[in-house]
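Using the sequences and the accompanying hints, generate a full structural model.
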Amino acid sequence: MPAVSKGDGMRGLAVFISDIRNCKSKEAEIKRINKELANIRSKFKGDKALDGYSKKKYVCKLLFIFLLGHDIDFGHMEAVNLLSSNKYTEKQIGYLFISVLVNSNSELIRLINNAIKNDLSSRNPTFMCLALHCIANVGSREMAEAFASEIPRILVAGDTMDSVKQSAALCLLRLYKTSPDLVLMGEWTSRVVHLLNDQHMGVVTAAISLITCLSMKNPDEFKTCVSLAVSRLSRIVSSASTDLQDYTYYFVPAPWLSCKLLRLLQCYPPPEDGAVKGRLVECLETILNKAQEPPKSKKVQHSNAKNAILFEAISLIIHYDSEPNLLVRACNQLGQFLQHRETNLRYLALESMCTLASSEFSHEAVKTHIETVINALKTERDVSVRQRAADLLYAMCDRSNAKQIVAEMLSYLETADYSIREEMVLKVAILAEKYAVDYSWYVDTILNLIRIAGDYVSEEVWYRVIQIVINRDDVQGYAAKTVFEALQAPACHENMVKVGGYILGEFGNLIAGDPRSSPLVQFNLLHSKFHLCSVPTRALLLSAYIKFINLFPETKATIQEVLRCDSQIRNSDVELQQRAVEYLKLSSIASTDVLATVLEEMPPFPERESSILAKLKKKKGPGAVSVTELEDSKREGGELNGGGDRGSDTASTPSPSADLLGIRSAAPIGAAPASAGSLLVDVFSEAGSAFSPFLSLFLLISFHTMAKSLPPCPCIVCVWMAFPSFFFFFSFFVFTSMVPFPICSHPLSCGLSAPPSEDPAPPLSEADELLNKFVCKNNGVLFENQLLQIGIKSEYRQNLGRMYLFFGNKTSVQFASFTTTVSCPGELQSHILLLNVQTKPVEPLVEGGAQIQQVLNIECLTDFSEAPLLNIKFRYGGALQNLTLKLPVTINKFFQPTEMASHDFFQRWKQLSQPQQEAQKIFKANHSMDTEVLKAKLLGLGTALLDNVDPNPENYVCAGVIQTKSQQVGCLLRLEPNAQAQMYRLTLRCSKDSVSKRLCELLAEQF
Amino acid sequence: MMRFLLLFSRQGKLRLQKWFTPMSEREKKKIIRDMTTMVLSRQPRSCNFLHWKDLKIIYKRYASLYFCLAIENQENELLALEVIHRYVELLDKYFGNVCELDIIFNFEKAYFILDEFLMGGEIQETSKQIVNRCIESSDMLQETMEEYMSKPAF
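Line by line, the protein sequences give chains A and B.
Quick note on numbering: the first sequence equals residues 66 to 1072 in the numbering used here.
Quick note on numbering: the second sequence equals residues 247 to 400 in the numbering used here.
No wet-lab data here; the hints were simulated from the structure.
Treat the hints with care, since some could be wrong.
As the list claims (entries may be wrong) - Derived BS3-like pairs (lysine-lysine); straight-line CA-CA distance at most 30 Å:
id: 1; chain 1: B; residue 1: K276; chain 2: A; residue 2: K364
id: 2; chain 1: B; residue 1: K299; chain 2: A; residue 2: K361
id: 3; chain 1: A; residue 1: K1002; chain 2: A; residue 2: K975
id: 4; chain 1: A; residue 1: K1000; chain 2: B; residue 2: K276
id: 5; chain 1: B; residue 1: K299; chain 2: B; residue 2: K339
id: 6; chain 1: B; residue 1: K264; chain 2: A; residue 2: K282
id: 7; chain 1: B; residue 1: K299; chain 2: A; residue 2: K152
id: 8; chain 1: A; residue 1: K355; chain 2: B; residue 2: K306
id: 9; chain 1: B; residue 1: K299; chain 2: A; residue 2: K1000
Unchecked claim - Label pairs and their in silico Cβ distance ranges:
id: 10; chain 1: B; residue 1: R291; chain 2: A; residue 2: L585; range: 53 to 61 Å
id: 11; chain 1: B; residue 1: A309; chain 2: A; residue 2: D503; range: 25 to 33 Å
id: 12; chain 1: A; residue 1: D658; chain 2: B; residue 2: K299; range: 53 to 61 Å
id: 13; chain 1: A; residue 1: L173; chain 2: B; residue 2: A309; range: 51 to 59 Å
id: 14; chain 1: A; residue 1: V600; chain 2: B; residue 2: A309; range: 52 to 60 Å
id: 15; chain 1: A; residue 1: L173; chain 2: B; residue 2: K299; range: 25 to 33 Å
id: 16; chain 1: A; residue 1: K108; chain 2: B; residue 2: R291; range: 28 to 36 Å
id: 17; chain 1: A; residue 1: R300; chain 2: B; residue 2: Q320; range: 22 to 30 Å
id: 18; chain 1: A; residue 1: Q357; chain 2: B; residue 2: R291; range: 20 to 28 Å
Said to hold, decoys possible - Calculated Cβ distances over 12 Å to all of chain B for the following chain A residues:
id: 19; residue: A211
id: 20; residue: T289
id: 21; residue: Q366
id: 22; residue: G519
id: 23; residue: A881
id: 24; residue: E964
Since we're looking at a predicted model, the values are computed, not measured.
In this text, a Cβ means the ideal position worked out from N, Cα and C, and glycines have one as well.
Okay, structure coming up:
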């Protein structure tokens, strides 16, 4: 039995709880609960009407059972009945049950709303408070709809009791957060601001939470709160510890209210009015001074409350970032905390200093604490404190202390907790790159990183070191030497092997003069790791080997032997087998000249934002990496990659996506190495380990070479036959980007025999409808009748696409003279480039039940509105079938999603404000308005679906960039569903008006 | 704002859960599991703050009970600790030397007290006197004779 029971003890409930506690096993507990549930159920169903007390008791028991983690599927009705009881406790239990258990069961909500309405109008303050609590707890949209206009009235009415005001303010805040569109600003808004002057401290405390939230969303409307807040704060700060009676907490006057006031001020810039500003600075100084005074109590509560205000004041000082004197004082204060015996204070000081470090006024002051912070990293017992120390080191790092900090972080990594290693690795990699003055230091650092924490070195990190080594010829020899040495270790991480393979394959020649690292020694060293590696690494090593054959002809025989052995040439992994076969063949048939061209050194990479930084941003979420830091790294990163004499200057005007995706706009047409570079980067970052970056480069270069020396098509085909994978890659990445082939611009017919001599039929009447089905998806059945089924699979990347068409004969009779023709009607010819590529020559005969496949490569040259046409002709039982469809190639296929924060979105939205840039349509919903379905469609569109951007959570906003060869078109989309009217309003804003229009047309059919 | 408050024992048994934003039962169970494992595995004398997803977790142990409060990123950690402490004080004042058993047997009271103190994830009233007066007066409101008689006798 309970030690204490206060108020209306319910004996039955206490007995039940004791029973549960006495259960020896989980099974016994479940048994007891089931017994109780059966009992309650029979009571609720029984004929005898239950009195309020029993109802309350049983509802309370159900609540208890639910809180133990069991499902409750009845009793809701009884709880709702309790709401209308006149007895306070019964009502109270009813409300508690609803708050804890209710989901948005609309039937019930209506009943609950009724009860709430009664209580709100009861003028009984305790009942009103219960009702307001319930609204705040459930906070559903239906409740917001019912009460959003009522609550502001209660809040500002002159005769409302203080306690009700407090509840009303917080209830309104809750509704505003869940359904901001329903809480309309009005006459009450100005009166709410004046609650800051209220006599009752509790009212001010509750109201200020509401005011802060409203100010964040509508700063101008609430501007007057600044001076009110300053004067209130000043009154509190200067009051003696006893002035505020019960609002003084352990000798600290009104800590909660003080912090809230300081937080509210952080929604605004420093006050313009000199007097107000002076008063505020005085407050801040007083708070800083008080930190130095001896404590009024030894209790931790006293120091916590006092320091809470201090930290909040420091946040405000950092937010203003305009008072050097205060900033330095803040920094010194935090410096004292760094050595405080309270772990909590050390933790917070480290965290707060991170933000101080990014202010120009206090950066130097923060740096003076470096030894303490390094010491914290080494000696703190608590991992979360160590992590803050690592964050601070990262934040305070600059050119002057980079070497020291990176060294400390590296040594910490050896013992760092697993949970934070990956982030640490990224940070070290970024700092090393950002502040690299000499590149040998950079290479050393990254290789050390791989050695110490290889498992946590993500792809981005080792890609990056290779990008940099390739772009900087002054570091290549050193890199080769260092990686060669690192590989000597008996156990070295696979990432080291990858870097080693890549670098030696490119620059092994730079150290080959030393007999200790002669070509064969290098090769043997790499090959000794081969068998321990995973398939992608092995594939990379094979590529390194073929590069060796070019770099060092003397290794040719040895390497060919390796390639020739069964474990390579008959490897069960297709990728490895193919590489072995191709490389072996390439090394045996190609002349030295061809080999030298094909296996030429990698061209420099185009400059782009560090992929590592992007990854860290992603990991920590936006805002984690401060803006200055980003700008910084862009500037310095530029120096780093582009500065060398081989630096690529291909970067044209930054694309709208440059800051987000790090991919610059397409390289100039015809500049083969540059476009090779940019294509490669994409393979690199997106295809990941599936295709070795080398391979596609080889392919590119070799193709390029062949194209130059062997213009007639048939020869190229011969070469393809020898290297099947060439064919595969090229068709996708290269072929489409190289215009000068005569075969490209004309529709190709794929049948070998003469096609039936009839003009293509006009497009089917339902062709548009069929097309619309594919706007938001890439795969599916395009067309089906009794004879024929046409399936489509397609994939798109940048401005390129590849489409597989599957033609299935549904009959048991063969189709004769089967031909397909793809054509671009009218202007489309110059807007989109179609290439017809046949994986195997298609017989003009399609047997009954058989399926044939056709591959199409697509390049988007510029934006377009029409769709290409696909004509199919064949003879079925003597009758000629002639059928024309629209190929589902629509402009949105070339979307690249663009993530952006709310602020950026609206800024760009505003930039696209010319009337012709916007297309808008209001239309009736044709399909389900279900959120998930809509989301899936919008994602299928190819744009990024942006969360937390639109102030109304019901709306959807998307952003993307359409990649065409000639330009990039930034697009922003906003879709506003109105479930009640079953309507949508769709708005598109694109940098090109024809695109807005076309997208709007296409999309209006989708929802 | 505060997102949720959990009270659990050293054995990881949940004693009280308060969610300030709507959440599915599944999510709740997952969070409860994450919180208990995370907090219970902390070394003694570690700091009382943790980062978890986009929230800050503030926890403190009082006797056999852990109080675990999740706040949004811009909120003040030290003050959150004092929110917990103030709640403990309020419980203590009401029950008189509060212990885990009081909260188990009078969980509904623990909720009512919390509701007087916090609302919608924000502080409603920081004054101990006012909160206590509210609770006492609501206790007074309901004491009908019949209920009074049915109370356990001690």
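Hints and how they fare:
With a C-alpha separation of about 36 Å, the suggested pair K276 of chain B and K364 of chain A falls outside the 30 Å cut-off, and the hint is violated. Of the pairs offered as hints, the one joining K299 of chain B and K361 of chain A is violated, with about 37 Å between alpha carbons and a cut-off of 30 Å exceeded. Restraint check for K1002 of chain A and K975 of chain A: satisfied, since their Cα atoms lie roughly 26 Å apart, inside the 30 Å limit. For the proposed pair K1000 of chain A and K276 of chain B, the alpha carbon gap of about 25 Å is at most 30 Å, so the pair holds.
Among the hinted pairs, K299 of chain B with K339 of chain B is inconsistent with the structure: their alpha-carbon atoms are about 35 Å apart, more than 30 Å. For the hint pairing K264 of chain B with K282 of chain A, the CA-to-CA distance comes to about 27 Å; that is within 30 Å, so the pair holds. Proximity of K299 of chain B to K152 of chain A is assessed by CA-CA distance (about 43 Å); at most 30 Å being required, the pair is judged violated. For the hint pairing K355 of chain A with K306 of chain B, the CA-to-CA distance comes to about 27 Å; that is within 30 Å, so the pair holds.
A distance of roughly 23 Å separates the Cα atoms of K299 of chain B and K1000 of chain A; the hinted pair therefore holds under the 30 Å criterion. At about 59 Å, the CB distance of R291 of chain B to L585 of chain A agrees with the hint of 53 to 61 Å. About 59 Å separates the C-beta atoms of A309 of chain B and D503 of chain A, a value inconsistent with the hinted range of 25 to 33 Å. Take D658 of chain A and K299 of chain B: their Cβ atoms lie about 59 Å apart, and the range 53 to 61 Å holds.
One distance hint, 51 to 59 Å for the beta-carbon pair L173 of chain A and A309 of chain B, is violated here, with the actual separation near 39 Å. For V600 of chain A paired with A309 of chain B, a C-beta distance near 56 Å keeps the hint of 52 to 60 Å intact. For L173 of chain A and K299 of chain B, the hinted distance range of 25 to 33 Å is satisfied, since their beta carbons lie about 31 Å from each other. Evaluation of the 28 to 36 Å hint for K108 of chain A and R291 of chain B yields a failure: the beta carbon distance comes to about 51 Å.
Checked against the hint of 22 to 30 Å, the pair R300 of chain A and Q320 of chain B passes, with Cβ atoms roughly 25 Å apart. The hinted range of 20 to 28 Å is satisfied by Q357 of chain A and R291 of chain B, whose Cβ atoms lie roughly 26 Å apart. At roughly 17 Å from the closest C-beta of chain B, the C-beta of A211 of chain A stays outside 12 Å, upholding its exclusion from the interface. A cut-off of 12 Å between C-beta atoms confirms that T289 of chain A is not in contact with chain B; the least separation is 22 Å.
Non-interface status of Q366 of chain A relative to chain B is broken: a Cβ of that chain comes within 12 Å, the nearest being about 6 Å off. No beta-carbon of chain B is positioned within 12 Å of the beta-carbon of G519 of chain A; the least distance is around 26 Å. No beta-carbon of chain B comes within 12 Å of the beta-carbon of A881 of chain A; the shortest separation is about 59 Å. Taking the minimum C-beta to C-beta distance to chain B, about 16 Å, the non-interface status of E964 of chain A holds against the 12 Å cut.
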